[in-house]
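Protein chains in written order, with our numbering: chain P, 1177 to 1615; chain A, 1177 to 1615.
Quick caveat, the hints were computed from the structure, so don't treat them as lab data.
When chains are identical, the list treats them as one kind, so a pair holds in a single copy or across two.
Simulated crosslink set (PhoX-like; lysine-lysine; CA at most 20 Å straight-line):
| id | residue 1 | residue 2 |
| --- | --- | --- |
| 1 | Lys1445 | Lys1430 |
| 2 | Lys1246 | Lys1189 |
| 3 | Lys1294 | Lys1277 |
| 4 | Lys1304 | Lys1283 |
| 5 | Lys1303 | Lys1283 |
| 6 | Lys1542 | Lys1409 |
| 7 | Lys1598 | Lys1246 |
| 8 | Lys1341 | Lys1467 |
Treat the numbers as computed from the prediction; the structure is a model and nothing was measured.
2 protein chains.
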Amino acid sequence: MTIDYQLIIEELKPIKIIQEAEKIKQLSLDYYYFSPILEKQLGEKKADLVVIPNTEEDVLKVAQICVKYKIPLTVRGAGTGNYGQCIPLNGGIVLDMSEMKKIKWIKSGVACVEAGIKISVLEKETKKHGWELRMIPSTYKIATLGGFFGGGSGGIGSINYGQLKDRGNLYRVKVITLEDEPKIIELKGDETRQINHAYGTNGIITELEIPLAPSYNWLDVIVTFPDFIKALKFGQELADSDGIVKKLVSIQAKSIVKYFSSLKPYFEKEQDCALLSVDENSLFSLQELVKQYDGEIIYQQNLSNINHVNLIEFTWNHTTFHARNIDPTITYLQTFFFTIEKVEQMYKYFGDEVMMHIEFLRVAGKAIPAGLQLVKFSTEERLNEIIKYHEDNGAFIANPHTYILEDGGRKSIEPEQLNFKKKVDPYGLMNQGKMRSWK
Amino acid sequence: MTIDYQLIIEELKPIKIIQEAEKIKQLSLDYYYFSPILEKQLGEKKADLVVIPNTEEDVLKVAQICVKYKIPLTVRGAGTGNYGQCIPLNGGIVLDMSEMKKIKWIKSGVACVEAGIKISVLEKETKKHGWELRMIPSTYKIATLGGFFGGGSGGIGSINYGQLKDRGNLYRVKVITLEDEPKIIELKGDETRQINHAYGTNGIITELEIPLAPSYNWLDVIVTFPDFIKALKFGQELADSDGIVKKLVSIQAKSIVKYFSSLKPYFEKEQDCALLSVDENSLFSLQELVKQYDGEIIYQQNLSNINHVNLIEFTWNHTTFHARNIDPTITYLQTFFFTIEKVEQMYKYFGDEVMMHIEFLRVAGKAIPAGLQLVKFSTEERLNEIIKYHEDNGAFIANPHTYILEDGGRKSIEPEQLNFKKKVDPYGLMNQGKMRSWK
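Only chain P is shown next, with the shape it has when bound in the complex (with noise of 0.2 Å):
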């Protein structure tokens, strides 16, 4: 069946639509090129529309209208995403939620808003209550909330909060589905849990309730190590270090630092480093920790200086950004590596080969390395052999080359979600070929 899509534009006036095609096309993808194998399967994708709703009623009437013509949804934040989370494969709609911003309310220690609010919006907000987000990505500029909790796992705040998964950290959703009659359904807690990194293949989220965290005067602080080894053992022990207020333990092997471009002038060489968000009090514990080591710190500085450089933006998969914008032929992975003695052992093995860049985050109580190391691509074949080499050592690698929920971190999906997605989308048209399980 052939969808006349002038009849849907029609029908779903007045919302905002985009027909211009060059728009289709920038609306229709995200940071997919990051990875090679993605750039290839994905560049030419695009939707048939883009829809800007506005208000409730709007993503309401958006989705009778897909489902009365079975047309094809991809729900879209800010594109931030890396594996194409928001890339329509078989055209149709690309939902973009940007204009659904509004912040509910938000009161000590929660706050309610619309998807599609920015998160670095709400968190300028929340500030002037004395809260933050408890993670954000590093495109936390521009990114929105809602396409964080559907495409994202975690980031600046990981060390101290885990992952955007775990329980607590995500308290209630609205939902709209895409059944015979689409409805708006709630979810809390745990049940939360089916919309979680699903990339919206199942039910349109619009609303979200989130828990805050206390708000701190952040200081960004580079400290360079004499090596590695000492870098990524300083990184762990900052991380276990219960008494110092951290929200961001990034280190960098110094083969990474020419990718700096703006941190430059602050490095006198290219040296293992650690870029770090610590509360200004505690600044003298850091220092402390940093002589231990053998470190030095060559820079810092109060966030609250808006001249400054923001640090956050070199971290996370912001390093890859910036390795790119020097040299495109840069990929990368995504590892949990569990030990520093894991990360010690691919370090060696691999040499330049695989840029080391270790993020801290906490996964079920512990502090843990994570990999988002830098690759200098050459052919499929040995990307997948590097994967391979870390898989049959015991790292667990969430492959960002694939679009596939099933192929990347998540492995398989739960049978809650799979479940879910039967009821809130029976016909299946929510950012499809992403799920395979569907099938």
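Start from chain P and add chain A according to the hints.
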């Protein structure tokens, strides 16, 4: 050389002095009698004078006089310790710090106070600024801050911030020495380890600068479980739940519940249970976790309700306090189990002879179970057998049945602390007999 205390009293004037025998006896003791061993050893010990300074100058003067006449000096807070920390073994002066209680300043995340301030009084003030103490003892209503750092190790809040000795949990102290010319010195950061948990054997702490924790609306919660192992596993998972904000995870075997007189109305029957303090916003997540372990919430109360029982005062060593109120033959152990498997092993081996009471706390970034088990005392030999069995099976006992620093939790005195004592107390006047390495 006999000390002429009439002369001392004259010289001390106008500093407040206690001379009444009954009052001196009272101010020479602490809660040492939780241990039948210490009870026998320490019950008759007392000072010759109790001196109550009001200012740093007063303390300096006392120090000068003690050095001049070589008078043994024992510093005391509220005397809520359990190892005879502030009991003078050789008479002399007890320095009661409870009138040195000024708050110097409170700023965002940091407080500076005199050592004798009651922890509850300080926390009442910090809460006005949105902050609270990182950790408090169960005796916080009367215990002093200086006493906590001098003789304690951790408490409610240690599940987040570790122990008092951990880097970052004490910013700065002022200490008055007992050199030939007593001086006021300052220790910062790691240097403060020189006075940590030293029972006041190495200088008189007069002022502390401490980090604070963000204040939450805490809920007191009691959860019952079908059996102890479920309660224990629940405790570990709650302790490891990075998304749930808590500050107390106390697990009590059902054999202990009979000692909780004022909690009885809430228990239908004696059951293995958890006594918790969680952020009110985390309640829903807690309920989900409780369900997972077949638990039942039998009590929940906001701390701002002043009529409710205070759960904190049933945990840590207050558990022992309540048990001894019912059965004075009960004493206790202090144990680092490191894993819940080790707890289970001991629980099954000893049965009701060692009633299991677990507090979860963070040690180097990991939440571990620590025991304050209740023991029905028979003989010293049997108590030592019980201790030996624990140690032989990989549990670390911080023996609370000794007043010697090295025989308790410390095992040995770090050279830096011993060297510090040589400098600040060259005549060995401070809390004589508590540090074996001194001899």
